[in-house]
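**Q** This is what each chain is made of:
4 protein chains.
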Amino acid sequence: MINIGILGYGYWGPNLVRNFNNSDQFKVKAVCDLDRIKLKPLQQAHPFINIDKTFDELITDSSIDAIAIATPISTHYDLSIKALQNGKHVFVEKPMADTSLKCMQLIEESEKRNLVLFVDHTFPYTESVNKIKHLITNNILGEIYYFDSTRVNLGLFDFDSSVIWDLAIHDLSIVEYLFDTKPISVSGVGKANIDGQPINIASISLNFNNNLYVHINVNWLSPVKIRKILISGDKKMLVYDDIEPTEKIKIYDKGIDVYDDLTINKIKYGYRSGDVNAPYLKQEEPLLKVVENFADVINGIDDPLLSRYQAMNIIKILEAAALSIRHGGKPESLI
Amino acid sequence: MINIGILGYGYWGPNLVRNFNNSDQFKVKAVCDLDRIKLKPLQQAHPFINIDKTFDELITDSSIDAIAIATPISTHYDLSIKALQNGKHVFVEKPMADTSLKCMQLIEESEKRNLVLFVDHTFPYTESVNKIKHLITNNILGEIYYFDSTRVNLGLFDFDSSVIWDLAIHDLSIVEYLFDTKPISVSGVGKANIDGQPINIASISLNFNNNLYVHINVNWLSPVKIRKILISGDKKMLVYDDIEPTEKIKIYDKGIDVYDDLTINKIKYGYRSGDVNAPYLKQEEPLLKVVENFADVINGIDDPLLSRYQAMNIIKILEAAALSIRHGGKPESLI
Amino acid sequence: MINIGILGYGYWGPNLVRNFNNSDQFKVKAVCDLDRIKLKPLQQAHPFINIDKTFDELITDSSIDAIAIATPISTHYDLSIKALQNGKHVFVEKPMADTSLKCMQLIEESEKRNLVLFVDHTFPYTESVNKIKHLITNNILGEIYYFDSTRVNLGLFDFDSSVIWDLAIHDLSIVEYLFDTKPISVSGVGKANIDGQPINIASISLNFNNNLYVHINVNWLSPVKIRKILISGDKKMLVYDDIEPTEKIKIYDKGIDVYDDLTINKIKYGYRSGDVNAPYLKQEEPLLKVVENFADVINGIDDPLLSRYQAMNIIKILEAAALSIRHGGKPESLI
Amino acid sequence: MINIGILGYGYWGPNLVRNFNNSDQFKVKAVCDLDRIKLKPLQQAHPFINIDKTFDELITDSSIDAIAIATPISTHYDLSIKALQNGKHVFVEKPMADTSLKCMQLIEESEKRNLVLFVDHTFPYTESVNKIKHLITNNILGEIYYFDSTRVNLGLFDFDSSVIWDLAIHDLSIVEYLFDTKPISVSGVGKANIDGQPINIASISLNFNNNLYVHINVNWLSPVKIRKILISGDKKMLVYDDIEPTEKIKIYDKGIDVYDDLTINKIKYGYRSGDVNAPYLKQEEPLLKVVENFADVINGIDDPLLSRYQAMNIIKILEAAALSIRHGGKPESLI
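Chains as they are written, first to last, in our numbering: chain A, 1 to 335; chain B, 1 to 335; chain C, 1 to 335; chain D, 1 to 335.
Certain hints may be false.
A pair holds if it fits inside one copy or across any two, identical chains being indistinguishable in the list.
In silico lysine to any residue, SDA-like type, Cα no more than 20 angstroms apart, as pairs [stated by the list, open to error]:
#	residue 1	residue 2
1	Lys53	Thr75
2	Lys225	Pro279
3	Lys27	Gly87
4	Lys53	Ile37
5	Lys228	Pro245
6	Lys248	Lys282
7	Lys268	Ala192
8	Lys228	Glu247
9	Lys82	Lys94
10	Lys225	Glu244
11	Lys133	Leu281
12	Lys316	Ser333
13	Lys236	Ile140
14	Lys235	Ala192
The set of hints was computed from the structure by calculation and includes no laboratory data. As the structure is a prediction and not an experimental result, all values here were calculated from the model.
Go ahead and model the full structure; you've got the sequences and the hints to work with.
**A** This is the structure in structure tokens:
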């Protein structure tokens, strides 16, 4: 049983408490938040969880094995580094930190002390992304042509960040998980429509050394919520629509066939249409899988779905994308 | 009555014949196509339309007042310039020509001879785009934040062109029609996934001197057909979904409210949600409006919805976007 | 080559002319309609089709082999019987006639004279219904539990008829085609909401000697158009949504599993969920298949998908359903 | 503060506990269930709620003012009557009891003792149904032509009951709430497809003395979940789709216009199409409104949205519908 303390009980903290609680591998010992009022319903529901400690007290508490961090992004580094320095395994919400330099320092600290540094990117743990990984790994889609994501909604404006740090990060974690190759450059465009506020609409594209192309379109000021990813390969194509309650993934036996036409000694092209299949996906809470994977990593019996280096790489891409946006789309090298 | 001859009877030509025929202002005198077999059903249905002339004979025929051109893009310039030089008004399918230089030459020729040069961009003539123009002009949406279009489907690969010349051109014609301001630069990204073929997936973004942002996402290798444009202003937001059979436009009384909070002396933000309205749109064939507008322009009683200079400007943007795509997104100036 | 004359050129007549024309097995010799003005565009497009004959002249014309009838329902019997008496094969729009007695007389006349009497029920000739027939015949759905259709829209009010004669007739033709068993009774309910007008909303249900249950819900005053049929068997279930442009049929690997639980010596039930599959359906015009089947029946090389007795049976069910509606749902025997 | 005890902690009980807890007007003193294991998480979360009493102890506990009953249907009467006889106000899940006779006895007992007998029909408390009530009451839809509901899904089979008691009861509660007039007869059809099990697919229709028509289609063996109600009046029409996350209600400015055509001295009809409006609906938990209305009724400051007589009337309609189903649709009088 791993004793865990949780820092931050705002938007995401209650989900962490619930899932660490539901896991047999963890015991939630303490939760803290600067806003004590938020913790009252927690205390009522779980009288045996300590809510009276400060962040520092919790991080230095010798009865605690691991710290989960669900505080504002700007505090991730400070709290994580302190927790590592006090010998705690760290579970930190994405993004790992607000600069890649800080990510590197966290990685070094965790390696030096032989501690787990685990970043909570939830999407790779969903049934949907897992199914797509399977379709790619088993060459059912064929060679992948592109990954094109639209992730738009009204709010949440995150006034410390921008829409790419808030929304595109999800797609980047999926791309990191699905594809073995690393992007060689990124281009970004976007706009801050509200005076004095961060960029609220943007799109970024990743270039690779192979045939793959990635485009991610994000928006905080959309009247409708869209969560739609198109992925096409030379064998099959798919749509992953995360709004759909049941048929989240549809696999289309569609594509363009390239063949030699010997009669005219030319390459020809033809479109192919076939069945559509929506595979059954179990409805499981991915966050429970995340926390159990964290336990397995601590216990040395499994690897995380995304390594700390991959989590850092996502930050590097976001930094380069932000730079490219400032330069109107000028591509930034990632190598 | 304007006597018109139509060049090209492939994909779009039959639509031109039908609509010029349905208009009281035109008499279709002749239609020609290099592939004579395509003209057979036309001859059966319309025995009085001449189908036996060559392109040159038709262009020089003194009984013809105007020429409509629906041939491959690469021939637009040659046929248009010849028709103008023979004193004919010209109705040419979009794009006007395959370079902006040729567009300029056509414009100069038409101005010198005082002839109409009319480019068939159909979208501004639809009930949907007309309704959006009304909403913008009457300040119902407020100051426009962005125009974000997704226009994807499987095929048609146009092997002389690329997906931006085939699909993004529609959005550019809508943007030209809706907004008074001109973009100052364009950035584009994209990929040619099929060896030896043109770019099949791309997105381009336009930057303006004001708050407006335009993003256009096009794709020839999508398993599903999407025609969805989001437009948000500081008062209302809308979705224009051209696939929807009836409720093509939905106006959302949604947005972000910016206000001074005097108690804390700070600007604050709040999200607002309200009714959704789908205005009734008549189901009329826009191409009939196009040809009747062409007649009115010839008769000097109306202007086209898009001028020949606007049609040329669309070509300039496409040229710059193609250049930007080759440079990985590096923005190209448009001024 | 079968010479055919077509009576009635209103809503459906032009479709008949087009498809008989497109078939290699027919030559359209003449078309007539009481309203001569409707025939003008036809004459322009097809100068060799005679449009100057009266109904009687056409029916008695010795150069004509077969007569197609697309006139108002109330005239079907008179025109059909005359055509048969003059030795013509008859192709008549559904419903065959406005009473089952008249249907019987037509059948007897056609049998006596050894002529084809063919009723145009189009749905069995669609790719969708054909696919469903295949799924049932090959036991892929298992034993069928029910067929439940919703067919509603705004208009067309047919003031000589009622909504069940206009809309439910389509479902009855599908049911006749799909299932081997005959219903033993029918119950109907409905309402005429507009004073002095026929019933505009109704539902009818068919009872069978086996496990099958059929329910059909029709409505002329619906704000939205719905064409949705649910069919469930003990193995799989399907939804046939005729509004969907591409995925008209979705097959669900869902159901209730019934099994013996030996530990408690009881029958138990469990729900099963699996993949969803939308089979590819070719986009072909079913009416062309109808007319070609008509030719094959005349030539003695095929049977119609629905026999004349089945077409009459549909009328019997409609008559009984109308009677049941008048009695508030009291079931009417069909045997 | 009203002290309440809750009987039954299965499917619905936890919702009751949560909402009675969230209301300022109630104090949840005790919860009991025959299956003690289900109560364990409740005890953890709410250590001050007593979970150790039997049903009888709780009903006779003098510190308790009111009893909420969320046990199987067959126990509703016995528990309710005992609670009333012990002087408790009663909040009972729908259906009030399994026969109308038992309903009448409960009503009489509650009236004799001047106690509140409140049946939890949740739909009238939703924002959606409330909005529809407003549209009807304010004559925005005009005279209502029909109410047509489709309520189908896979499961839950309720093996003590049938699909009409499980699903159609919701529509009947909405109809009772929306319309002032009472149905004069009911007709039902349906089928039990699974051997030895209750009816799993059925439709019932209600006849009224005025122009109103009600049709309700329910199904436990549908591959898809549908919750769609069409309501048309002579002014406007609406669709209430409870699956839609945001635009649950759409109001269509559509209909049939009836007018005198003086030139031909006849009544004529025309279809009208206009805008579609989806009114904004707050996202509130209706069950909280239910429990607060219960408190207000106990305190004598408000009436329930559905009276106990209306709740009993729903049972009468279900009994008559079940009888009609047994007789193949033969209508049963309700007066």
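**Q** Determine for every hint whether it applies to the structure shown.
**A** Checked hints:
Taking the closest pair of Cα atoms, Lys53 and Thr75 come within 20 angstroms of each other only inside a single copy of the chain (18 angstroms); across copies the shortest separation is 49 angstroms, beyond that limit. Only between protomers do Lys225 and Pro279 lie at most 20 angstroms apart by alpha-carbon distance; the minimum there is 18 angstroms, versus 23 angstroms within a single protomer. In this homomeric assembly, Lys27 and Gly87 come within 20 angstroms of each other (Cα to Cα) only inside a single copy, at 18 angstroms, whereas the closest approach across copies is 46 angstroms. Taking identical chains as interchangeable, the C-alpha atoms of Lys53 and Ile37 lie at most 20 angstroms apart only when both belong to the same chain, with a minimum of 14 angstroms there against 33 angstroms between chains.
For the identical chains of this complex, Lys228 and Pro245 are neighbours both inside a copy (13 angstroms) and across copies (17 angstroms), given an alpha-carbon limit of 20 angstroms. Proximity of Lys248 and Lys282 under a CA criterion of 20 angstroms is satisfied intra-copy only: 11 angstroms inside one chain copy versus 25 angstroms between copies. In this assembly of identical chains, the alpha carbons of Lys268 and Ala192 lie at most 20 angstroms apart only when taken from different copies (16 angstroms versus 45 angstroms within one copy). In this assembly of identical chains, the alpha carbons of Lys228 and Glu247 lie at most 20 angstroms apart whether taken from the same copy (12 angstroms) or from different copies (18 angstroms).
Taking identical chains as interchangeable, the C-alpha atoms of Lys82 and Lys94 lie at most 20 angstroms apart only when both belong to the same chain, with a minimum of 18 angstroms there against 56 angstroms between chains. In this homomeric assembly, Lys225 and Glu244 come within 20 angstroms of each other (Cα to Cα) both inside a single copy, at 11 angstroms, and across copies, at 13 angstroms. In the homo-oligomer, the alpha carbons of Lys133 and Leu281 lie at most 20 angstroms apart inside one protomer (13 angstroms), although the nearest pairing across protomers, at 29 angstroms, exceeds that limit. Only within a single protomer do Lys316 and Ser333 lie at most 20 angstroms apart by alpha-carbon distance; the minimum there is 10 angstroms, versus 28 angstroms between protomers.
Taking the closest pair of Cα atoms, Lys236 and Ile140 come within 20 angstroms of each other only inside a single copy of the chain (7 angstroms); across copies the shortest separation is 25 angstroms, beyond that limit. When the C-alpha separation of Lys235 and Ala192 is checked against a cutoff of 20 angstroms, the pair qualifies only between copies, where the shortest distance is 17 angstroms, while the shortest distance within a copy is 39 angstroms.
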